[in-house]
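Going down the list, the protein sequences come from chains A and B. Read in order, the letters of the first sequence correspond to residues 1 to 177 in my numbering. Read in order, the letters of the second sequence correspond to residues 1 to 479 in my numbering.
Just so you know, not all the hints are guaranteed correct.
Pairwise CB distance ranges (calculated) [claimed, not checked]:
| id | chain 1 | residue 1 | chain 2 | residue 2 | range |
| --- | --- | --- | --- | --- | --- |
| 1 | B | E69 | A | P54 | 18 to 26 Å |
| 2 | A | S21 | B | D14 | 37 to 45 Å |
| 3 | A | F51 | B | P82 | 39 to 47 Å |
| 4 | A | R157 | B | G447 | 43 to 51 Å |
| 5 | A | D100 | B | V382 | 36 to 44 Å |
Cross-link-like lysine-lysine pairs, in silico, BS3-like; alpha carbons within 30 Å at most [as the list claims (entries may be wrong)]:
| id | chain 1 | residue 1 | chain 2 | residue 2 |
| --- | --- | --- | --- | --- |
| 6 | A | K68 | A | K91 |
| 7 | A | K63 | A | K25 |
| 8 | A | K68 | B | K376 |
| 9 | B | K452 | A | K68 |
Everything labelled a hint here was simulated from the structure, so no lab data went into it. Computed from a predicted model, the values in this text were never measured in an experiment. Ideal Cβ placement from N, Cα and C applies to all residues, glycine included.
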Amino acid sequence: MNHDSAETPAECPDEEVSRRSFYAKVSVALSVAIGAMMVVPGLGFILAPVFRKPPRKWRTVGKLDQFKVGSTSLVNFEDATTVPWAGVTAKTGAWLRRVDDSTFIAFSINCRHLGCPVRWVNDAELFMCPCHGGVYYKDGTVAGGPPPKPLKRLAVRVRNQDVQIETGPVPLTTTKV
Amino acid sequence: MARQLLRNMGKWLDQRSGFSDYVVPLLTHIVPRDARWWYVFGSATLTAFFVQVVTGICLAMTYVPGGDEAYESLMYITNTAPLGSIVRGMHYYGASAMVMLAVIHMLQVYLHATYKYPRELNWMSGVVVLFVVLGMAFTGQLLRWDANGVWSVAVAAEMAGRAPIVGPWIAEFIMGGTTVGGSTLTRFFAIHVFVLPGLIFAGVGLHLLLLFRHGVSEMPNPDQPVDPETYKEEYEKRLKKSGVPFWPNAMWRDVVFSTVIVGVILACAVFIGPPALDHPPNPSSIEANPMPDWYFWWYFAVLSLLPASLETWVILGAPVVGFLVLFLLPLISNRGHRAPSKRPWAIGIVIASFTGILVLTIYGYHEPWSPDFGVKPLTKEVVGTDSGPIARGAALVHSKGCLYCHDIDGHGGHRGPELSDIGQQLTREDMIIRINNGGYNMPAFAGSVTAKELTDIVDFLQTRRDDDSIPPKRTTQSP
Ligand code: FES
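Taking the hints into account, I'd like the entire structure generated from these sequences.
This is the structure in structure tokens:
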């Protein structure tokens, strides 16, 4: 064995050299195959959420008469893509503004700067972000600070006196190229 | 008889395992005698890592990485489990120690230019391990899975989402879906407990292997610049003449310093305790002000202070550029002087970075850019009266949120300019225009303040002056 490995390729008969190179190639190819068999299913498994189109669901957040005209209130509802063990993390929040008898606007609570939860300051009629001081007017447009976009609006509807919000993804502020 | 038996068993084990052939030479390899206390930081970082492994395994036996259970189990570990608070505290202070020691170790190596020939790869592997350690620190903070943890993931996902084209995919990969929820925590748990520690073990293994391969460097000597042609030969020669075996001649200092470090970690865990948990991890709750652990405050400050136009570049580019500059450093300069006295710019870079990071860390701690939502209404002592338009104006300055961003005599946030002597700086008319129209990051209040309220606010603000001069006579003015 030792003797074999000490032999330089030049001393080997051609047949031996080609056999060795065949062994080497087969071993490398099979190792790649083993790696692929191990990794591909796992990779698919952990990347699946990236490619899954999340379902959208309407969630009831309260009765119509719970929300006064002109008020902005914090509501919460369950995500569309929740898992049984999610517990409290299945929840999502939204700011619900009742503009008049029949019009509601729902804003995602995520600041459009880096996603922190914005707070409603009732007397000032402003949404304020605790992270870097982003400020939005009551209609969600930017009033100051770093946010590059208005607050994301979520779809709202009223069905049988129930106010419902449609679930959606966390609003990401992306970079256009 | 028994002694003979033991000796034989020892011999057998040694012969079969190769301990004397492989491990003893490593332990007793010859190292320079002049390093003394300078070289203890690397081994102390490794000791801190062992503290993390041991306490981490213990925590993982009780911690449940899921939904509400993570928070509940941490509550149990901290408040109920015997010694739980100490173990969690050790894991927390161990993380701080590890980050700190890794950085100090890197600074020492940089100042002594030990990264030069032939130890380029030692440095490069160290840089990779440093970044993995920072990854451990960040993911570990999230495993607290309180409100701060949940919202920190949201912020991390938003940051990743800024990357062109692939950003949204990375963000969804981080969150385990399109929202922060049940699938998020388990990802970070797996990364923190399996992936990153595996990388650290591998990286540290390589780092140590290279240490043995190229030997411990000498203290820099201004008369011995590194010349790759002759370095190894001369190093060996000098080592033969004056070197000492690593074990025990040099190692005792490492052991003493590591003992101090573990002692301090334990003492902090016992006397200060682990960090308090924030509110429960409810993504619909707005009671959160996500804040990283202290070693990231400087970066947090950088992100907060940047002009919007640079933000995306810095968020995405700074870590990559930082990594590349550090990683490639030995390839840029691997010969020449090692002594700090011959490399004044190296000392300059260290002092400048240290000062910059310190100042930014203090800034990050104070978060002057964050509105102060907890500010109390102004007292009568500050206002000067508790009735009339001035007192009403002072109350409005609180209720309308002005104080969240503006400080008046030590009360209020620092996002906007201080208003303690605004009465001297702006006329009534200017104030009215500014409040109504906003500007310079200030929202316009025209739609949310009535004419009467505006008059009261301005009346109050006109009294804010730092001298005793009489405020200008009030004129009734409509917005
Ligand atoms: S996340 Fe809201 S201002 Fe930065």
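Cross-check of the supplied hints:
1. E69(B) with P54(A): 18 to 26 Å: holds, 24 Å
2. S21(A) with D14(B): 37 to 45 Å: holds, 41 Å
3. F51(A) with P82(B): 39 to 47 Å: holds, 46 Å
4. R157(A) with G447(B): 43 to 51 Å: violated, 27 Å
5. D100(A) with V382(B): 36 to 44 Å: holds, 40 Å
6. K68(A) with K91(A): Given that 30 Å is the threshold and the Cα spacing comes to 24 Å, the pair holds.
7. K63(A) with K25(A): Distance of about 70 Å is beyond 30 Å: violated.
8. K68(A) with K376(B): holds, 28 Å
9. K452(B) with K68(A): holds, 25 Å
Against the hints set out earlier in the document, violations occur for numbers 4, 7.
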